[in-house]
Structures are given as C-alpha cells and as structure tokens.
Amino acid sequence: MDLGPLQTLIHFAYVFAAALFVVGLHMMNSPVSARRGNLISAFGMAVAVVVTAVQLIVLGSPVTERVEGLAWPIIIAGTAIGGGLGWYSARKVKMTAMPQLVSIFNAVGGGAAGLIAIEDYWTAVQTGHADVWPSLFVVAGSILGAVAFSGSVIATGKLQGFISGAPIMFPGHRLLTAALALVAVGGTVALILGALGVINVAGLELVILAAIVLAALAFGVTMVMPIGGADMPVVISLLNSGTGLAAAFAGLVLLNPVLIIAGALVGASGAILTKLMADAMNRSVLNVMLGGFGGGAAGGAAAGGATGNVREVAVDDVAIQLAYAQKVIIVPGYGLAVAQAQHAVRELAELLEQRGVEVSYAIHPVAGRMPGHMNVLLAEANVPYQQLREMEEVNPEFARTDVALVIGANDVTNPAARSNPQSPIYGMPILDVDAARSIVVIKRSMAAGYAGIDNELFLDPKTGMFFADARQGLTDLVASVKLL
Amino acid sequence: MTFELVAALTIFILAVLVGFEVISKVPATLHTPLMSGANSIHGIVLVGSMLIAATANEPLSQLIAFVAVIFAAMNVVGGYVVTDRMLQMFKRRPAAVPTPAETGQEAGGEG
Numbered sequence: 036m037d038l039g040p041l042q043t044l045i046h047f048a049y050v051f052a053a054a055l056f057v058v059g060l061h062m063m064n065s066p067v068s069a070r071r072g073n074l075i076s077a078f079g080m081a082v083a084v085v086v087t088a089v090q091l092i093v094l095g096s097p098v099t100e101r102v103e104g105l106a107w108p109i110i111i112a113g114t115a116i117g118g119g120l121g122w123y124s125a126r127k128v129k130m131t132a133m134p135q136l137v138s139i140f141n142a143v144g145g146g147a148a149g150l151i152a153i154e155d156y157w158t159a160v161q162t163g164h165a166d167v168w169p170s171l172f173v174v175a176g177s178i179l180g181a182v183a184f185s186g187s188v189i190a191t192g193k194l195q196g197f198i199s200g201a202p203i204m205f206p207g208h209r210l211l212t213a214a215l216a217l218v219a220v221g222g223t224v225a226l227i228l229g230a231l232g233v234i235n236v237a238g239l240e241l242v243i244l245a246a247i248v249l250a251a252l253a254f255g256v257t258m259v260m261p262i263g264g265a266d267m268p269v270v271i272s273l274l275n276s277g278t279g280l281a282a283a284f285a286g287l288v289l290l291n292p293v294l295i296i297a298g299a300l301v302g303a304s305g306a307i308l309t310k311l312m313a314d315a316m317n318r319s320v321l322n323v324m325l326g327g328f329g330g331g332a333a334g335g336a337a338a339g340g341a342t343g344n345v346r347e348v349a350v351d352d353v354a355i356q357l358a359y360a361q362k363v364i365i366v367p368g369y370g371l372a373v374a375q376a377q378h379a380v381r382e383l384a385e386l387l388e389q390r391g392v393e394v395s396y397a398i399h400p401v402a403g404r405m406p407g408h409m410n411v412l413l414a415e416a417n418v419p420y421q422q423l424r425e426m427e428e429v430n431p432e433f434a435r436t437d438v439a440l441v442i443g444a445n446d447v448t449n450p451a452a453r454s455n456p457q458s459p460i461y462g463m464p465i466l467d468v469d470a471a472r473s474i475v476v477i478k479r480s481m482a483a484g485y486a487g488i489d490n491e492l493f494l495d496p497k498t499g500m501f502f503a504d505a506r507q508g509l510t511d512l513v514a515s516v517k518l519l
Numbered sequence: 007m008t009f010e011l012v013a014a015l016t017i018f019i020l021a022v023l024v025g026f027e028v029i030s031k032v033p034a035t036l037h038t039p040l041m042s043g044a045n046s047i048h049g050i051v052l053v054g055s056m057l058i059a060a061t062a063n064e065p066l067s068q069l070i071a072f073v074a075v076i077f078a079a080m081n082v083v084g085g086y087v088v089t090d091r092m093l094q095m096f097k098r099r100p101a102a103v104p105t106p107a108e109t110g111q112e113a114g115g116e117g
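Same order as they appear, the protein sequences are chains A and B.
For the first sequence, counting from 1, position 107 maps to 142 in my numbering; every step adds exactly one.
For the second sequence, counting from 1, position 57 maps to 63 in my numbering; every step adds exactly one.
For the record, the hints were derived by calculation from the structure and aren't laboratory data.
It cannot be assumed that every hint is accurate.
To be verified - One side only, chain A facing chain B, incomplete, derived with CB under 8 Å:
no.: 1; residue: Val57
no.: 2; residue: His61
no.: 3; residue: Asn64
no.: 4; residue: Arg70
no.: 5; residue: Asn73
no.: 6; residue: Met80
no.: 7; residue: Val98
no.: 8; residue: Ile109
no.: 9; residue: Ile110
no.: 10; residue: Gly117
no.: 11; residue: Gly144
no.: 12; residue: Asp155
no.: 13; residue: Leu294
no.: 14; residue: Ala299
no.: 15; residue: Met312
Don't be surprised by glycine CBs; every beta carbon is placed ideally from N, CA and C.
Turn these sequences into a full structure, and let the hints steer you where they fit.
Written as structure tokens, this is what we have:
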C-alpha cells in the first residue's frame, strides 16, 4: 500500500509524538529533569492532537475518508468541556486530595478507552467487519477500560472517604468476583468463536459485548472493595497500567501508531511502577490485590493486646520538651496527611527554629497517602526542601536527637519490623525513631495502624503519647510554645 | 492477518519493551508524580476519541464519541496540569538552593 506524501508526514509526526512520550517519561525518573520531562510529554500530546486534527481536516477519517457532519461540534465542544473540567480541578484541588484526582483522571481515561472500543466494535458489526483480531482487541480494550473506570471510581471513593477505607468484603465475595471474570472471558470466547464462524452469534454480538462490559464494570468494583485505603496507590497504578493497555488495543483496531506506542508505554511502565510501589511497602502486588490486609486474626489480636503501660503526656509538657530541645526530628505519616496538618506542622517547626532548635523531617518512602506524597504536602506548606530527609540519610541521626515527634505515623516506626520475625511487617524498612532520647507520638487513639498490629514503640518508657487529631494537636502545641 | 496488523503488533511489542526499560531506580519521592505523568500519557485516547467522532453518524454513536472526547480531554489536560503542580514542588534542590537569600528577601519585604 502506498501512502501519499501527507499521509506519510502524518505517520511520522505521530511517531515523533510517541518518541516525545518516551523521552519525557524517561526524564521523569530523576527529580532534576522531571518537570521538563512532563512538559516534553505534554508537547508530544499537543503534536498528536494537532496531527489528528490535520488528518481529519485535510484527508478525513482514515476509514471513511470523510468527516461526519456533527464530528467537529462533538470534538470542539467535548474538548472544551473536558479540558475545562480537567484544568479547573487540577488547579483547584488541594494537594492533600491529589491522589483522588489522579484516580479520577485515570477513571475517565479508562472510560474513554472503553467507549472507543465499544464504538469500534459496533461499527465493525454494522459493516460486517467484525473479524477475529479486531474483535479480540476491542473486547480486551473494552474490558480493561471498564475495569479501570469502575475500579478507579471506587479507589477515588475510598481515598475521599465516600466509601470506607477499610477492606470491605461480603460472603461469597471472591466467588462473585470469579463469576464476573468468567462472564467476561466467556463472552470474549463466544465473540471470537463467532468471528471465526465456529458458532453463530449473528445479531447477538452487541448483547454479548454489553454483558461483557457490565461484568467488567462490576468486576472493577468487587476487585477494589476488599483493598484497604492505604494500598490504593498500588491499585491506582495497576489500573493506570490497564488503561494504557486499553489505549494500545484501541490503537491496534484503529491502526494508529501513536495510540499503540503511548498505550503500550504506559501499560508496561505502569506495571513496573506498580511493582516498585509495592516493593517500597515490602509487599507483593498479588498480596495487595488479594486485599483484606490487617483484617481478621491480626486485627482481633491487636484489639485485645494494646493494654501495656502507656505514658500519656499533656500539651504543655510536650511544648516544653520541644522548645528546650537542641535537635528535633519530625516524623510525619498518613495521619498528618489525612488531617491536612502540613501547615500546622510547618508553623510549629518555624517557631522551634526561632528558638534555636534544629528541626528536620524524616520522610519514610511510603509516608502519606502515596509514595512521595508527604514531600509534596510539606513542600506546599513551604517547608524548605533541605529539611526533608530521606530514611537512609536520617536514621543514624535519631541517636543524637532529643525529641522525635511522630505525627500520625505508626507502622513505619514499629521496631517489630527489625526485631520480631513473626511480625507481618518484619523486614519492612522503618525509621529508627526508638533510638531518639525521647519520643512524642501525636495520635488519635491507641488503635492499631494499617497493618493491624501493636506498635511496641508506644509502650517504650521513653515515649509520651499525646492523644489528639494531628491538626488540632499541632495547633494547640503552637499556641503552647508561643506562651513559653 | 493483514500486513498492517502485523506491523502494528510489532510496534506494540517493541513499545512494551521500551516501557519496561524506561523506568528504573526511581526514588520513592517520584513514584506519585511518575504515575501521574504516565496517567496523562494514556490521555492519548483523545486521538482515538477524535477518530471515532469523525465517523459517528447516528445519535448513539455521536453520544458515545462526545462522552469519550470529554473524558479523554479531561484526562489529558487535568493529568498534565496536576503533574506539573506536583513537580513544581521539587524545583528547590538541596545543593543548588539559594534559600537563605530567598528567605532573606522575604523577611526584607515584610520589614
């Protein structure tokens, strides 16, 4: 097949856009070049969209060589509405709610990929071109897109608190999940056998596709429900990878190079990233996806066990301890992110610094709601970057620290990860908070952390427990330190 | 299988391999921005949405295309903007920072 000069140019412009995605994504491996990498990737996206517009204006659809009457209003109005919504929400969202927003963007991306697949299949059936390969790609694309859509919506709900962050399961849950998967796979097989001419599904194709899509949507829900809120980043990353693959499958049907390359790129890199994120929590991806972590036996044991000698401290005592210390390390965790206490903590740190206290922050790799989230939150609260210390760098310093102030962190400070081979978190890298001369833990209650196990740090004689919501507790501390 | 499909599948497989290699040894700090950045790239479905809009010739098809374009555009624009916002936070690096001067200026402004 001979392509005309313009068609050739368009093809290579697509390849150029895809190359920009590869380069951009690669540059995002390092903090130095990350922002430029994102801009390069955005430029690639602009190239791809403009090239597609040129294709449609000059040559028309690659399939029909023309453009239907309503196409431009649909494209222009849709882009304006969607782009506006995306722009507004991305600019306005609070940094603490950012993980939910990423999940929403993944949901709509997956939804779009699924809709493209459905529309492609419908067109193929109408024109009698529902051949084996295109059928396989559209069905795979619609399944992945639908799972990514509903799964990401549930993930968003869990992060936002619309749905309980706790693992939710009902009797027969796994059975239902398996049955839904079976419906999707069975429907796919039926459509492929139909396309091969082995069985006759004429007239039923769209009904079968609808059943597949509905099963996939429900599967996304039952898959994410049993997974705890703190594991959502891994889930979102996995669904993100699925959306990428769905986009690639759409590209294989439309035979569009930029869709294929960009989709495959995200599918593969997303899978690697999912593994990296799970590794940072010392978990396997499978372990995360099976869900229910910390429920059941471990949770029950913790509820009965956390009754050791806890030393409770009052706000004024903590304020004095901090104000007269030489060196304080703040250990922010999930609880700080949830309570949106990042500004309050910065205020406290500044007050202490004015009094000559050396303050730094110890950031565990998985602190916050997502890896790296804590850095973003603290940076947003104008905490100087050089005060944020990574785990390996800060751990030796705890020994010469007067007060380690743990705010809403639990499992990442649990010495059991070092000392108790029976502990579920044994082997997870932790912050050596217990090496500090004294420890203050701001926490709402003695409730077990995400892993559902006791933290012997809280029973340490050096530890004072300051029971408060992270933000309220810090605000009280600030007021108290000011009075000294 | 047509020649076009064979070529397309070849591209697909090579791109998957590139995707596996393009991410390596990322500091945990960058996991979230990187995920968000990859998330914006699958906004490429906007191209697919535009292509199906071009051939949509009945109300239901047009509705599907319209929703797909809205979704995809939201993915693209929102994804890149929020990633950029996250990465803005990293612009001050420990080594290169003239932060004392910055804070000095701020203090001066207040005074």
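Results for each hint:
For Val57 of chain A, the interface hint holds, since its Cβ comes within 8 Å of a Cβ in chain B; the closest pair sits about 6 Å apart. With 8 Å as the threshold, the beta carbon of His61 of chain A comes within range of chain B, its nearest partner Cβ sitting at about 5 Å, so the hint holds. Of the supplied interface hints, the one on Asn64 of chain A holds, with its beta-carbon coming within about 5 Å of a beta-carbon of chain B, less than 8 Å. At a threshold of 8 Å, the smallest CB-CB gap from Arg70 of chain A to chain B is about 4 Å, leaving the interface hint in force.
Of the supplied interface hints, the one on Asn73 of chain A holds, with its beta-carbon coming within about 5 Å of a beta-carbon of chain B, less than 8 Å. The beta carbon of Met80 of chain A comes within 6 Å of a beta carbon in chain B, closer than 8 Å, and the hint placing it at the interface holds. Interface hint status for Val98 of chain A: upheld, as the beta-carbon distance to the closest one in chain B is roughly 6 Å, under 8 Å. Given the 8 Å rule on beta carbons, the hint for Ile109 of chain A holds: about 5 Å separates it from the nearest Cβ of chain B.
Because the closest C-beta pair between Ile110 of chain A and chain B is about 5 Å apart, less than 8 Å, the hint holds. For Gly117 of chain A, the interface hint holds, the least distance from its beta-carbon to any beta-carbon of chain B being 3 Å, beneath 8 Å. The restraint placing Gly144 of chain A at the interface with chain B holds, with a minimum CB-CB distance near 4 Å, inside the 8 Å limit. Checking Asp155 of chain A against chain B by beta carbon gives a least distance of about 7 Å; that is within 8 Å, so the hint holds.
With a cut of 8 Å, the hint placing Leu294 of chain A at the interface with chain B holds, because the nearest CB-to-CB distance is about 5 Å. The beta carbon of Ala299 of chain A is positioned within 8 Å of a beta carbon in chain B (closest approach about 4 Å), and the interface hint is therefore held. The criterion of a C-beta within 8 Å of any C-beta in chain B is met by Met312 of chain A, whose closest approach is roughly 5 Å, and the hint holds.
Hint compliance for this structure: no hint is broken.
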